[in-house]
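Undergrad: Given chain A, put chain B in place with the hints provided.
Residue numbers (our numbering), protein chains in the order written: chain A, 1 to 592; chain B, 1 to 174.
Any given hint could be a false lead.
Computed, partial: chain A to chain B, Cβ under 10 Å [stated by the list, open to error]:
(1) Gly130
(2) Met133
(3) Val158
Chain B is nowhere near these chain A residues, computed Cβ spacing over 12 Å in every case [as the list claims (entries may be wrong)]:
(4) Thr54
(5) Glu280
(6) Lys307
(7) Lys320
(8) Val323
(9) Thr353
(10) Val492
(11) Gln506
(12) Pro559
(13) Asp560
(14) Leu587
Pulled from the structure, derived: some chain B residues nowhere near chain A, Cβ distances all over 12 Å [to be verified]:
(15) His2
(16) Ser7
(17) Glu11
(18) Ala35
(19) Gly37
(20) Glu59
(21) Lys67
(22) Glu104
(23) Val108
(24) Glu124
(25) Asn128
(26) Arg145
(27) Gly158
Honestly, the hints are just simulated from the structure, not real lab data.
Just so we're clear, the structure is a prediction, and the values are computed from it rather than from any experiment.
Every residue gets a Cβ at the ideal spot worked out from N, C-alpha and C, and that includes glycine.
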Amino acid sequence: MSGGKHEGTASAERVTGAQAVIKSLEALGVDVVFGYPGGAIMPAYDPLIEADLTHVLVRHEQGAVHMAEGYAQATGEVGVCIVTSGPAATNLVTGLADAHMDSIPVLAITGQVARSAIGSDAFQEADVTGITMPITKHNELVQSPERIASAIKEAYHVARSGRPGPVLVDIPKDVLNATFTWSWPERVDLPGYRPTVRGHGKMVREALQLIAAAERPVIYAGGGLVRAGAGDELYEFATRLGLPVVTTLMARGVFPDTHELAVGMPGMHGHYAAVKAFQEADLLVTLGARFDDRVTGDLDAFAPHAKVIHVDVDPAEIGKNRVVDVPIVGDVKVVLGQLLKVLDDRDGDAAFTPDCAGWRTHLTALKDDHPLRFEQPATGVLKPQTAVRAIYDTWGDDAVYVAGVGQHQMWAAQHIPYTRGRQWINSGGLGTMGFAVPAAIGAKVGVGPDTPVVAVDGDGCFQMTFQELATAVQHDIPVVFCVINNGYLGMVRQWQHLFYDDRLSQVALPQDCPDLMKIADAYGIPGFRVQSVDDLDTVLAKAREITDQPVLVEFRVDPDEMVFPMVPSGASNDDILESAEEWRARLAETGQ
Amino acid sequence: MHRHTLSVLVENKPGVLTRIAGMFARRNYNIHSLAVGPTDDPRVSRLTLVVGTEAVQLEQIVKQLNKLVHVLKIVELAEDESVQRELQLVKVAADGATRSQIIELADVFRAKIVDVDHDSITIEAAGNPGKLEAMVELLEPYGIREMVRSGTIALARGAKSITDGSKVRMQRVV
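Bound conformation, chain A alone:
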């Protein structure tokens, strides 16, 4: 394993366990930790004062783990958070589960009550390794100070390698306080952990043969490409062979939306052409994607004519939901490199390039004939889609966009043209409301001053974690927080409207409560409100000027607007709807 910047500083130095924690993080080259102190972790906060790393003090431990996730997603590095025992550690649970679902490398360090008190129901005790076992890639309760450095080094290695994920290290307070002789382990000793990185050569060649024979091939590009940093390889592979590319919610931007081969996003709220491309395809070249139910809809009716090539670093994903014709276990960046190498070495591109110009033309026509549909009146009511497009027009291609979960997330995924991996950050697998505010803060810490970070949040999501505005203010982290305020839990309302006969149950959130301008004021940051389409440009021009501190922009939007296209839950992708009118017509037709 590659070493960090301080590696190799082993000596016979006597340290405390707490010092060992900090030295280990420094040895790994960790620059920033997101955290919140408390009783059991307090020893580790003392050497932090002199440490060669930045600590970002959050307002809630959930914020710490989401910030670590945002940092990791934006940079590709491991995001680190550190909190105390019991309630602090349980506050990490949502973020750890989120990171687990979206394969985000996170290292969580938690304090634990002293070894002698473990199991006694001591103050602020919780069985944190037990609680987090199903939602972490791995975890460990450290039983001796000598074990700290190895545990942290192993955790860091496991978090970032193979299929990335969250790893938790739980350290009892007496272990943090114990004194021992420091040594940094030279190697990671995990005999049971051997991720397969290189794809099988025979399978790689078989994949190319299948592609060459295809008439309607589509690349099904997933979040694994982003995690592997494989955007360049994907671009070269797709463009050399002329393969259309569908990018999942987790993969937005890994292939540029602006490219003629880009077909859009698949799934429940995917672009029409992308959904149809899967249904009509005769080959899915699946790269770092996992046939999630939000993509496939009714699995039995999904891509019914398609053979499947599946490349994934996690063997358990291959064949989990869909039978695969050519399975390739390996890091998708490495495997794409292998595929390109075969193209270089053997018969050249021509022999492997499928004859599918007609298919590409067909998909382009589908894109042109079925654009995203919404109608924005020239004055008055602001449509959320207009707001999202205006946000993009204001902060542009350079910015990183971070979403919460719900309608605003889907509009942000649909209406912003992404051109690179890590430009779009969201909670895909777990669908965690409240993700955007802290994740955007973490992302901004990661990308630095030159890249704007814009949170596109909903009014429901925002109220779950907006206390982290204080973190952004205290640490001078200039994130743009955009709240698409429709006064409802919009996505739930949409479902109640469509599937529960418009019986709206517990989804109204008063648009004026809280008054977001007063929230901005309370945190000492500039706040702007867009009341209607008429003041969109002038307000955004003012907000754009502010780059040296956090800023809050509220968009009061039409609460009736729904997200389309939509594949109703459990339905076949063939039944994709492009508008509410289509839905009503279908209901009338079926006599329901």
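TA: The following block gives chain B in isolation, referenced to the frame of chain A:
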């Protein structure tokens, strides 16, 4: 549904059993039987898992088990190519009139009498599940006071061992 026997080598670390049992519970897989014990290497324990499932799901179970960091190796032991044993203790009601019949019955199954009291006999038997079930069926008329059975343990027949082919290396340099 078919009965599959998995032999799993794991690092002898705290919580390994919980991780494995938890994986089964979380993914809605059913464990018929589970037995754990040490191996000749003190750093390694061996689990024998019996699961009732279809082949597709079995593949997923094996893959998910393999993802656990402390799992070293998994092999499936086919029933006809392995020796499979469970241990059973049965306490049967017995008096002067029935004692000798029960002892005779135990002999037929090559079981041992491990405890005798005025009105009970405890029998120890080892074998495959079918044999143990057959013995219990015959003992039932006498009145079974209580009974306990271990999980299945199994080894491949012949000279081959789980570590053949791909030797499990404990000291692996990453």
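Undergrad: Looking at Glu59/B again, its CB stays over 12 Å from all of chain A?
TA: Incorrect as stated: the minimum Cβ-Cβ distance to chain A is 7 Å, not above 12 Å.
Undergrad: Beyond 12 Å from every Cβ of chain B: is that where the Cβ of Lys320/A lies?
TA: violated, 6 Å
Undergrad: Report holds if the minimum CB distance from Lys67/B to chain A is greater than 12 Å, and violated otherwise.
TA: At roughly 6 Å from the nearest Cβ of chain A, Lys67/B sits no farther out than 12 Å, so the non-interface label is violated.
Undergrad: At 12 Å, judged by beta carbons, does Gly37/B keep clear of chain A as stated?
TA: holds, 18 Å
Undergrad: Can we confirm that no CB of chain A comes within 12 Å of the CB of Arg145/B?
TA: holds, 35 Å
Undergrad: For Thr54/A, is the shortest CB-to-CB distance to chain B above 12 Å, so the non-interface label stands?
TA: holds, 28 Å
Undergrad: Taking the shortest Cβ-to-Cβ distance between Val492/A and chain B, state whether it exceeds 12 Å.
TA: holds, 27 Å
Undergrad: Would the non-interface assignment of Lys307/A survive a Cβ cutoff of 12 Å against chain B?
TA: About 18 Å separates Lys307/A from the closest Cβ of chain B, which puts it past 12 Å; holds.
Undergrad: Are all beta-carbon distances from Leu587/A to chain B longer than 12 Å?
TA: holds, 34 Å
Undergrad: Checking a non-interface call: every C-beta of chain A should be farther than 12 Å from the C-beta of Val108/B. Is that right?
TA: holds, 45 Å
Undergrad: Quick check for students: does the CB of Gly158/B sit more than 12 Å from each CB in chain A?
TA: The assertion about Gly158/B holds, with a minimum of 26 Å to chain A.
Undergrad: Can we confirm that no CB of chain B comes within 12 Å of the CB of Pro559/A?
TA: Check passes; 38 Å lies beyond 12 Å.
In summary, the numbered hints that this structure violates are 7, 8, 17, 20, 21.
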